[in-house]
Each structure stands twice: as C-alpha cells, then as structure tokens.
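K.L.:
Spelled out, the chains give:
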Amino acid sequence: MSTEPRGKRPGRPSIGSGNEPSGRRPQKMTTGRFGLYAFLVITAAFFLTPLYVMLATSLKSMPEIREGNLLSWPIAPTVAAWVKAWSTACTGLNCTGLQVGFMNSVRILVPSVLLSISVGAVTGYTLSFWRPRGAEILFGALMMVAFVPYQVFIYPLVRIFSYAGLNNSLAGIVVVHTIFGLPTMTLIFRNHFAALPNELFRAARVDGAGFWRIFGQIMLPMAVPIIVVAMILQVTGIWNDFIFGLVFAGRENLPMTVQLNNIVNSTQGEREYNVDMAATMLTALVPLAVYFFSGRWFVRGIAAGAVKG
Amino acid sequence: MKSSHINAQIALLPAILIALVVYCGTTGWTIWISFTNSRMLPSSVMVGWRNYLSLIGNERWVVSVTNLFVFGALFISAALVLGFLLAAMIDRHVRAESLFRSVFLYPFSMSFIVTGLAWRWLLDPTLGIEKLAHAIGFSWFHFDWLVRPDRVIYTLVLAAVWHAAGLVMAILLAGLRGIDGEIWKAARVDGLPVWRTYISVILPMLTGSFATATLLLATSVVRLYDLSVAMTNGGPGVASEVPAKFVMDHLFERANVGLATAAASTMLVTIVAVAAPWLYYQQRGRRT
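Respectively, the protein sequence lines represent chains A and B. Just so you know, we're using the working numbering here: the first sequence kicks off at 1 and counts up by one. Just so you know, we're using the working numbering here: the second sequence kicks off at 310 and counts up by one.
Since the hints were made in silico from the structure, they are not lab data. Hints should not be assumed to be uniformly reliable.
What the hints assert, rightly or not - Distance windows between CB atoms, simulated:
hint	chain 1	residue 1	chain 2	residue 2	range
1	A	Met143	B	His402	34 to 44 Å
2	B	Arg369	A	Leu48	30 to 40 Å
3	A	Met143	B	Val356	50 to 60 Å
4	B	Phe378	A	Ser72	38 to 48 Å
5	B	Ile365	A	Asn265	27 to 37 Å
6	A	Phe293	B	Leu326	33 to 43 Å
7	B	Met349	A	Asn265	39 to 49 Å
8	A	Pro225	B	Arg486	16 to 26 Å
9	A	Arg251	B	Phe378	31 to 41 Å
10	B	Arg457	A	Asn265	16 to 26 Å
Backbone N, C-alpha and C define an ideal beta-carbon position, used for all residues, glycine too.
Looking at chain B on its own, in the form it has when it is part of the complex (with noise of 0.2 Å):
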C-alpha cells in the first residue's frame, strides 16, 4: 500500500507548489523589490528604506490610509448593526420571510463593479437622486457628496453596506436560529423584556457569528478596490483612493514598482499585525 502514500504525496503537490511559489515566494519577491530602485522595470540595486520614506510622505497615500480606516470603522459597524436588526427581526416569525432575505442578499451576488456603476447613477449630483427631490418640490435639497472631497468615501460606505448587510443577516440568521427555544421562555418567564433578551442573552451567545461576520467584512476592506474603481476612480482628485487602488496604479500606470511593493508590503505587516492577535486569541479561546 505505499504507492497509495505517494499518490497522497503526488496529489498535494499542486497545494505545495502554490503555497512555496506562489504564497511565500511572491511575498518573498514583493517585501524585496520593495527595497530596490525598481521603476518600470526592476532593478537590483538596493535603496534601503527609501521606498517606505517617500510612501510616508506621499499625500495620495496618506489618503488612501486614511479612506481605509475611515471606511473600515464606518462600513463594518454600519453592516453589522443593520445585519443583525435584520436577521433578528425576520427571526420574529414574519411573513413572506424568504422574500424578505432574498431581497437583502440579493445585492450580495452582484460583483463591486456592479454594485459601484449603479450607485454612481442614483448618486449623480445632476441627474440622480438630487433632481428626483427638485422634482418633487424639495428644491432647497441638494445632495452631491459623490464629487464632494470630504464627503465622497461615505457614498462609498453606503454602496459597500448595501451590497454586503444580506451577508451579515445570513451569518446572523443561522446562529440565531441555532439557539434553543428554551432560552427565549426562560427569558419570558423571568418577565425580561424583549429588546432586553435580545441585548443580554441573545447578542453575548451570538459572538462567534459576529466574529465570522467580522472577518468576511474586514476581508473585503483590505481588498477593497473595484468599488473604488467603478464608483469615482479613485476622485474626486484622490478624494476617494484606497491602498490596493494605490499599489494597482503606481504598478501600471504609473510605473513606479518600488513604492508599489513598499506600499503593498506595509499592507501585509499591517494586516499581520492586527490578524496575529486576533489568532492567537482564538487559539487561547479553543484550549480553554
């Protein structure tokens, strides 16, 4: 029965090759051509910290850093409390349920580019939702936060809760209806209100889906770049610019390698450093 063991061995070697090529190996070139002079094309001639230096005073990239958190904090909040107000009020015996949670997932199939293109037409500052309020007598209304520079990353927090709150209220939805009937007569006999069941008992036995939520959602914040893309590229000016957009430009557009992969590379050591803690707290949790 050993060649059973080789075709076992044979059969990941696709698995391997992509995890030491393609996984570490890239990361590997990445991390160091960002110390390189590499523009357009690569180069081996090493620069230190220069690439990391003049990232830090980049005013395009210092946006971009800032959109990240800013829409991050923003979006992830937003999609889980209107997620959950969702799952748990379809979870009160509504009717026409699964209408209701095919409406709020559908958004969730469509792609950025989609989503991003749509919402730029109902934003249109002159045809879009501002004309249909001068339309309907509210003339004083004015609503053009898609070419307002302080204001654009918020209709991009709007796109992005609307296209992925159904996915919040699915992970919700099935942990909900994982917790036993009892708890809620307990809760009834006791004579807890309600909202005060759904705050004190419901929401703590809820944390594990919360934490997968959170995950997907903050996935999708660090590869945040079609929407971006679709929806203002990036303007108005770099009102609107994200890290990954950065990287994706500077790599061919703009033909500066070197602060691309610095800019790429900082991504990663940001994003070890806050999924390492979160891990290995995990890790804690399981053992005990």
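Isolated chain A (complex conformation) (with noise of 0.2 Å):
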C-alpha cells in the first residue's frame, strides 16, 4: 500500500513555502465552494438522521408514534421507554429486559479482549523478532482466513466444542472470539514490531535477555500505542458480534446484540417501536461512547487493521 507511485514531475520549479498540505487553494466562498458545503451538510444530515428518528422515537410515547411523523421531535418527552427496554422488556415469556444482554456482552468482552490481545500479542512479536522455520506460511495462513465467510468453519467448531463440552459455555464464547480475532491482532502487532529497530532486539539479546524478558520488559512497554488501537477495534468487534454469540454462547450467555434482535421479533401483543428504538440505542451506546471518546484513535484502528499483506 505504501508504494504507490509518485507522480512527482522532475524539473518544476516549487512555488512558495513548500510545506502546504494537499489540496490548498484559496479560500473564498465562490459557487463551488458552496456546493460543495450544500453536498457536505445534505450528506451530514442523511447520515444523522437515522440516529436522531431512533432517539425521537425512543422518547415518544405509542400514540405520539402513530399519529406523529418520523422526524418530528417528541411533544412530552419520557424515558419511560427507556426504562422498559432496559429492565422489563420481553423475549418470549421471559420478561428481564436488555439489562441481561448488556452483563452478558460485558462479561463476554473483558476475557475475550484480554485473551485476543495477549495472543496477537504474543504471535506478532514471535513472528516478527524470533522467526521460527514455517513462521511465513502461517503468517499467510492467517491472513487467508481474514477473507474466509465464517460458514465454513462453524459447523465443525461446534461439534468439536461440543466434545471439549465448550458449547454453549462463556469460555466457548471467548475462545471464538479469540480465534476469529488472530488474524488481525497479529497482524497489527506484527506490522508495529517490525518497525521498531533490529538492534534493540540484538542488543537485548547480546545482554542475555531471554524470550519473555524482552517481550514483557522491551517490547511490550514499547506497545502501548498498538495495544490502544488493539482495544478498540476489539471492544468494538465483539460487542458488535452477533453470529458467534448467537452460536457459541449459549442461552443463558446471549450477548446484547442477539437479545436486541429477540426483543424486536419478539411478536407478543402491540408492537412498541418506541421501546425497539430505545433497546437499539441501548445497544448502540458502547460502541458509539467509544468512538467519540477515542476520536482519532479510532481512525488510527481502521488503518491498522486495514493493511492487509
């Protein structure tokens, strides 16, 4: 990715300071330039709007829904919805609400991200530093899979989970997400262990430093910034899972995102779209709190793990 050509032509002479980022050109507000804030601010709005109509709707009572209109901003607005979606909400006959998905979710994020981080962790920086023989082909071998639908491995997971008795089992759940998580974990810490100089291994090295001293005392402390970006596009991911906790959790383990989906299909009585839209944001409300928090972090994540090769 980062031998593009350059399309640089030998013999220009440079004009003014030299030092200006890409596409400066003076600033006045000409027919172009409002056009191109009309398409910036229309597109902005296009995208704002399916949060906003969640948040309206989710505040608005069930008559204000049916004679309302979508966009319109709740008359008397209530959390009662909310309130429902979080502690009373169905699923079938049982009657607990969201908050049992949102403590499941959290109880299958904090072991699986620790676990996927610490492998990558551990099979980026092997790789990259100790290269042991066959090191290239399963390096490649992991990188395969991150294009592989996941239909193909699940049947058999669950039939060799079932035999380990992991099915349907917290533990199952982590070890899935730890698995799915390899590709990328131990690409991104390969990619920023490979940066940093040789030398600093060689020289650990020379000092008689062993293979974990120079992981947990030289490398690690010089990870920091990777392990962020690793955080967050983990948190993220399997909060954001369905499809493997829908397969792999178990009843009594189903992460937010599966309850969310029951609760909405859920076909008993009335359907209370204000309490759907109040459950969807509930649901959306860890991943969207990270976002904004990590800012250009985020971006940071999407680069990282977007290099692929």
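Need the complex rebuilt from these two chains, each delivered in its own frame; the hints are there to steer you.
P.N.:
So, in structure tokens, the structure goes:
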C-alpha cells in the first residue's frame, strides 16, 4: 500500500513555502465552495437522520408515534421506553429486559478482549523477531482466513466444542472470539514490531535477555499505542458481534445484540416501536462511546487493521 | 540461549493450533460433510455431488446468490463513490472538518443489527418515511421497497452504504493526505482544472487506498448476514436472503447439514477463485 507511484514531475520549480498540505486553494466563497458545503451538509444530515429518528422515537409515546411523523421531536419526551427496554422488555415469556444482555456482553467482552490481544501480541512478537521455521506460512494462513466466510468453520467448530464441553458456555464464546480475532491482532502487532529497529532486539539478546524478558520488559512497553488500537478494534468488534454469540454463547450468555434482535422480533402483543428504538440505542451506546472518546485512535485502528498482507 | 528458541516455538503454539485445527481442519471437515447425506445428525454415507446438485436446484439458494452479486456490486461501487466524494471534499480545507469526519464515520462503529433495525424503522411502509411524506403533503409518494420482493435488496444496499461510506472516506482521506502538495502546485501551474486534476492525477495515485477499501468492503459483502437478519429476516418471502444466512438456517433451523456445508464450500471456492488471481496480481505488482 505504501508503494504507490509518486507522479512527481521533474524540473518543476516549487512555488510558495512548499509545506502546504495537499489540496490547498484560496478560500473564497465561490459557487464551487458553496456547492461543496451544500453537499457536505446534506450528506451529513442523511448520516445523522437515523440516529435522530431513533432517539426521537425512543422518547415518544406509542399514540404519538402513530399520529405524529417520523421527524418531529416528541411533544412530551419520556424515558419510559428506555426504562422498559432496559428492565422489563420481553423475549418470548422472559421479561427481564436488555440489562441481561448487557451484563452478558460485558462478561463476554472483558476476557475475550484480554485473551485475544495477549495471544495476538505474543504471536506478532514471535513472528517479527524470532522468525521460527514456517513463520511465513503461518502468517500467510492467518491472513487468508481474514477473508473466508465464517460459515465454513462454524459447524465443525460446534462439534469440536461439544466434544470438549465448551459448547454454549462463556469459555466457548471467549475462545471463539480469540480464534477469529487472531488474524487482525497478529497483523497489527507484527507490523508494529517490524517497524522497531532490530538493533534493539539484538542488543537485548547480547545482554542475555531471554524470550519472555525481551517481550515483557522491552517490547510490551513500546507497544502501548498499538495495544490501545487493538483494544478499540476488539471492544467494538466483539460488542457488535452477532453470529458467534448466537451460535456459541448458549441461552444463558446471549450477548446484547442477539437479545436486542430477539426483543424486537418478539411478537407478544402490539409492537412498541419506542421500546424497540430505545433498546437499539442502548445496544449502540458502548461502541458509540468508544468511537467518540477515542477520536483519531479509532481511525488509526481502521488503518492498522486495513493494511493487509 | 537454546531455551529462548524453544520458548518461541511454545509461544506460537496457540496460533499454530488454531491454524491447523480450526482453519485447515474445520475447512476440510466442512468440505467432507458436504459429500455425505448428513441431515440433522452427521452421517458418513457418501453421496457424491448430490448436495451440490440439489443446491443448484434450490430456488432460495439461487435467489441468495443473485442477491449477493447485486448487493455486492451496488454496495461496493456506491460506498467507493460516496466515500471518495466525501474524502475529496473534506480534503479541500473545509471548516469544521473533524465534525464532518465524525458524522460520516460514526455509523461504522455500530453493529449491523443496530444498523438494520434503525433502517427497518425508517423505511417502515406504514409509519416510516412514506407517512412522513404524506404528512407534509406528498400524498402520491410511495415508498414500500422494504416489503417489495423486487426492491428489498436495494434497501439493504442503502443501509450498508450508510454504515460503510465513512470507512472508505477515512481510508481515502489518509491516502489524500499522503499526496505531495507539489503535485497540486504543478497541476495548477499547468492550468489543469481541479476536477481534471482529481481524475487524471489524484485518482491514479490512490490505487492502493482504493484496493484496501475494496478489500474491506468485499469481505463484509461475503459475510453479509446480520444486516439481512435484522432488517428483513430474509423477507418478504425469500427476497432478501443471502448465502451466509442460507448456510446458517440450514445448519441450525432446517437441520440439513449436508446442504448447508455444500453451500458453505461453494462460497469458499468462489472466494478462492476470486481472491487467488487478485493475490497473484498483487504479488507480481510488488516484485516489479
């Protein structure tokens, strides 16, 4: 990705200071610039509409939803739907609300994030500094898997997990998240370590430091930024997971996304759109919070996970 | 220092085990099952290509595959075009740049389930956009694509583009920021109009960023499952079914493991067939 051709023209004298960012132009409010802002603002409105409608709907009462229109702000905003979604919304005959799914998601999230990052960091470190035989093949295999549909693995995995007694358990879903988080985690840690000067590693070897000591005392402290990136990727990825939670977590541990879908599709009595939307918002809150608080780190995560091969 | 190398081997054990058992082992197992007459329970009676033949004759599978190609083509091209427009415009030194960036990228942080449920509500044929249009006087307005078998797949495209356009924007914006300012000056000195500069100078320089974005989008197309489940659950009828959902439903609800694994294997082979030349081309490009 970094080897794009630089179409620099030879023999052109540079004009100005030469350090301007790309695309700088004089900032007059011309027709063109007006059109540019108009496009950006309209597109931004399109992107914000679903969030606004979700929020507005979740604060309305059902009669208001039926009589009013989609875009109107609630006349008498009420959080009743939020309370109901959180504590008493039903899936089938089970009316304990989304809080159950929330707690399950937290219980899945914490060990999965820790384990997947640990395995990825150790694998990336070993692959980039120790290069045992077959390292390239292993890395290639990991990268291939990043594109293969999960459906190819799922049925045999369910069978293996049943034999091992891991099926429908918290441990099972944690292992699954570690397995399928491994390619990306290995990739970003390997790339990060590969960018460090090799002298660092050699000096530590000369000083007699062993495998784990170099990892723990030298490499890990230098990997803090990439650990943050890895956490952002894994927290949002695992929280948003649906398919693995559905198949491997078991009825007792269903994550929030699965429970949300069950609540919305539960056909007991009249559909309550305000409760549905409050539940949807509640499920989106964790990744949204990660997104808004992490700022540019989120984009770094995308970039780090996107550089394949 | 021998022990360090042994430690290195031990440290790789989890990854090696996962690669061998999970990636290779289960793939082989899935392909093997697809040639047996497994229904609800696995069976080792080989039936040759029978599952594949009934797959080809399965109307729901044909619809799923067609949907995937229609969805994939429209979604990838729309997300690339919209993402590029946004990136290029944001790169023109607009005010409130970081606000715009945040707004365009936030949908990507949310799950497909949330995305699907949000759009399902917006496009609800009785209480959604159609009702809004009627309320402000456009009584002729009809928008019932969510429940129209011939149109429903486009609503999935709409929701998915909303979800992923910001991702394309972020990747392309990083690419644009890496372009030397001198290029713009040279183009200006040459009297090249801005739009021409974008098309004939900037776009070719962004090939790598476009490839990355396309790859990420394509991966999500193949894995498309949650969005269809949340938004339409495959309906109306089977009009918005997708291959991944076909496999999941036949594995766990319809108890036809043979057919499901045949479908999964077909997906795998298709992807390898598409990805192999692409990888080969990439490798060659790197060498030259």
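K.L.:
Now tell me, hint by hint, if it's right for this structure.
P.N.:
To see whether the hints hold, each was checked on the structure:
| no. | hint | result |
| --- | --- | --- |
| 1 | A/Met143 with B/His402: 34 to 44 Å | 37 Å, holds |
| 2 | B/Arg369 with A/Leu48: 30 to 40 Å | 37 Å, holds |
| 3 | A/Met143 with B/Val356: 50 to 60 Å | 34 Å, violated |
| 4 | B/Phe378 with A/Ser72: 38 to 48 Å | 40 Å, holds |
| 5 | B/Ile365 with A/Asn265: 27 to 37 Å | 31 Å, holds |
| 6 | A/Phe293 with B/Leu326: 33 to 43 Å | 36 Å, holds |
| 7 | B/Met349 with A/Asn265: 39 to 49 Å | 24 Å, violated |
| 8 | A/Pro225 with B/Arg486: 16 to 26 Å | 19 Å, holds |
| 9 | A/Arg251 with B/Phe378: 31 to 41 Å | 36 Å, holds |
| 10 | B/Arg457 with A/Asn265: 16 to 26 Å | 21 Å, holds |
Checked against the numbered hints above, the structure breaks hints 3, 7 and satisfies the rest.
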